[in-house]
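Undergrad: Read off the chains here:
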Amino acid sequence: MSKPFDAPGYNRDGSIVNPEGRGEFTPGPQHGKARPAPGGPFLIGEAMTGGYSKSGPDILTGCTIAVDKGEIAVIVGPNGAGKSTAMRALFGMLYLSSGAVRLDGEDITDLAPQARVIKGMGFVPQTHNIFTSLTVEENLEMGGFIRKDDITETMQQVYDLFPILKEKRTQAAGELSGGQRQQVAVGRALMTRPKVLMLDEPTAGVSPIVMDELFDRIIDVARTGLPVLMVEQNARQALEIADKGYVLVQGANAHTGTGKELLADPDVRASFLGG
Amino acid sequence: MDFLNAIVALSNFVLIPAVAYGSQLALGALGVTLIYGILRFSNFAHGDTMAFGAMVTILFTWWFQSMGWHLGPLPTALLALPFGIVATGLLVLITDRVVYRFYRRVKAKPIVSVMASIGVMFVMNGLVRFIIGPGDQNFADGTRFIISARDFKAWSGLAEGLSLRTSQVITVITAVLVVAALFWFLNRTRTGKSMRAFSDNEDLALLSGINPERVVLITWLIVGALATIAGVLYGLDKSFKPFTYFQLLLPIFASAIVGGLGNPLGAIAGGFVIAFSEVTVTYAWKKVLGYLLPDSLEPSSLVQLLSTDYKFAVSFAILVVVLLFKPTGLFKGKSV
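As they're listed, the protein sequences go chains B and C. Just so you know, we're using my numbering here: the first sequence kicks off at 2 and counts up by one. Just so you know, we're using my numbering here: the second sequence kicks off at 3 and counts up by one.
So here's chain B without its partners, still in its complex pose (with noise of 0.2 angstroms):
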C-alpha cells in the first residue's frame, strides 16, 4: 500500500513520465583539466582504488589496467569481480581515491566522461549500445558528432569493416540481429576516430558462430594500430587473441601476462576456464 512511486513494476503508466531512454550514468565528480604525463603506455589506469560513491565501498583495490598501441587487452574474471567496474573508472564515471588514468601522454584523471570522449576514448557499454530508433547510417552520423570534419571517410571505413552494415544502412537499428547490433555499436564508437576503442562484452548475448566474427573484426581494428581494450565473459576466447590479459578477483589484479601466458597458467585454468 505504501510502495514507492518508483519501486519496480508499481507505476506502469507512461502516460506521465518517459521511462525510455533515461540516462542511468553516473558521472564520477571529475570535472578537472588534464595534466601532461608522458611516458608510460598509450592507456593505463594505475592503482585505481575507489567505488560508485564516494563514501560507499571500494569496488577496485588498486586495480592496473593497460594497453598499448596496436594491442588487444582483455579483462576476464569470475562474475562480481569489478571487471566492468575497472573499465567504468577508465572511463571516468567512479569516484577514485587514488590511483591515476593516463592517456596518450596526458594525466585524465580530472577528467569528465564527455571530455574523454573528447580526448579519444571510445567507449561500447554493454547494453543499450545503439540508437534503436535511428537508422543504421543516423547511428554512424551521431557517432561522429563532435567531428567538425567530414565524416563520410570514416563512414565508409566502418562500412569495409561491417559490409553488412552498408547493405542495412536505411533500416532502423533496432530491427537489426543481435550480433549486428555489436556491429553498429562498435561503428558508432569507431566514428569519432578513438584512439583507444574500449569494448564492455561486445559478445554479450551473440551466437558462437556471431562471437567469432566479431573477434575477428576486432582482431581487424586492433591491425590498425588502435589499441583495444576490452572486457569479456568468454574468457577462453578472449584471451587467445589477447595481446594482454587481466585476471581481476575482487576489484584486484590476480594474473596478468599475454594471453598465452594466462591460458597456460594452472591457477588460471584451475580458477575460472573450467580445468
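Don't read these hints as lab results, they were simulated from the structure. For every residue, glycine included, the Cβ atom is placed at its ideal position computed from N, Cα and C. Do not take every clue at face value.
Here are the computed distance ranges between Cβ atoms for each label pair [as the list claims (entries may be wrong)]:
| no. | chain 1 | residue 1 | chain 2 | residue 2 | range |
| --- | --- | --- | --- | --- | --- |
| 1 | C | GLY121 | B | SER56 | 26 to 36 angstroms |
| 2 | C | ARG107 | B | TYR53 | 17 to 27 angstroms |
| 3 | B | ALA173 | C | ILE133 | 43 to 53 angstroms |
| 4 | B | GLU25 | C | SER150 | 53 to 63 angstroms |
| 5 | B | THR153 | C | GLU215 | 23 to 33 angstroms |
Chain B regions said to be covered by chain C (calculated; three or more residues, Cβ under 8 angstroms) [as the list claims (entries may be wrong)]:
| no. | stretch |
| --- | --- |
| 6 | 17 to 23 |
| 7 | 113 to 119 |
| 8 | 122 to 131 |
| 9 | 134 to 141 |
Once you have looked at the hints, place chain C on chain B.
TA: Okay, now just chain C, sitting in the frame of chain B:
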C-alpha cells in the same frame, strides 16, 4: 439536390471546423510529445504556455493596430506572432533554468518534473490572468470570410450555405508549413537527429559527444514556438480566454496519447482523431439526416449525441479506451 445540401451542411458544420480544430490540437500535441520524448515528463504547463504565447501576441497585435499597421486581408496577429514566439521562448527558457534544470542535475525521477510542471502551470496561469485579465479578448481583424454563407448560396443556388473563415484557412496552411518544417528539422538536420538520438538513449548520446543541455535548450525553443503558434491560431479561430487554454490541456494530452506519446506523427493523427470525434459527437445531425433520409424517417429531435458542454467527455472517453486497448497509441509510441 438534397444530397448536395447534406454534403454542404456537413462540410460547413463538421468537416471544416474539425480540420481547423484538429490542426490546432496537433500543434499543441506536438509540443507535449516533444517534451515527453526528450525531457521525459508530461508537461502540464503546456496549455498555459499556449495562453502566454497567445497573450503576448495579442498585446503586440493591439499595439500594431493602434499604430495603424496591418496586413490587409490577413489578421494583424500574424505580424505579431514572431514577437509572441520570442517572448514565449524566453519564458520557457527561464522556467527551465529556474525549475527543471535543477531536477535534471540531481537526476530526479521524471515524476518530480511532472509535479513541478503543475506548479509552473499555476504560475503561468496566474501570470496571464494578471496581465491580460480572465475575460474574453478579441483580436481578430482583416477579412473575416473567404467564402461567406450568403455568397455561396447565391452562387450555388443551394439551400445550405458554406462558409470558410480566413482563420480556418490560415490555421490549416500554418499547421502544414510548421509540421513540414519540424519533420524536416528532426529527420534531416544534424541538430534534429541529435535530438532524436538523445530521446532514444541519453547515455549513448553523451558518449557520442552530444551536449544534453543544448538538446534541451533547442527543444524548449521549438516547444515555445509550437505552443505560441497553436495558441494564436486557436485564439483567432475561436476566442482568447485564459481558462479555455487551461481546459485545452485534456484534448491535447488525449491527442498525444492516442497517437502514441513521443511519436510526432502520432501527435498529428491523434489531434485529428480527437477533433473529429469531438465535433461529430456534439453536432446536431437533424439537418444533415433530414436531407438524406426520406421524409417519413425525418428525425424529430436534434440527433445530438452529446451537448457541447460535455465535449471534454469525448476526449476523456477516447483516452480511456485507447489506454485500455492500445496503450502504445495508434502509431507506435512509447509503451504506456
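Undergrad: Taking the numbered hints from earlier one at a time, note which ones the structure violates and give those numbers from smallest to largest.
TA: none
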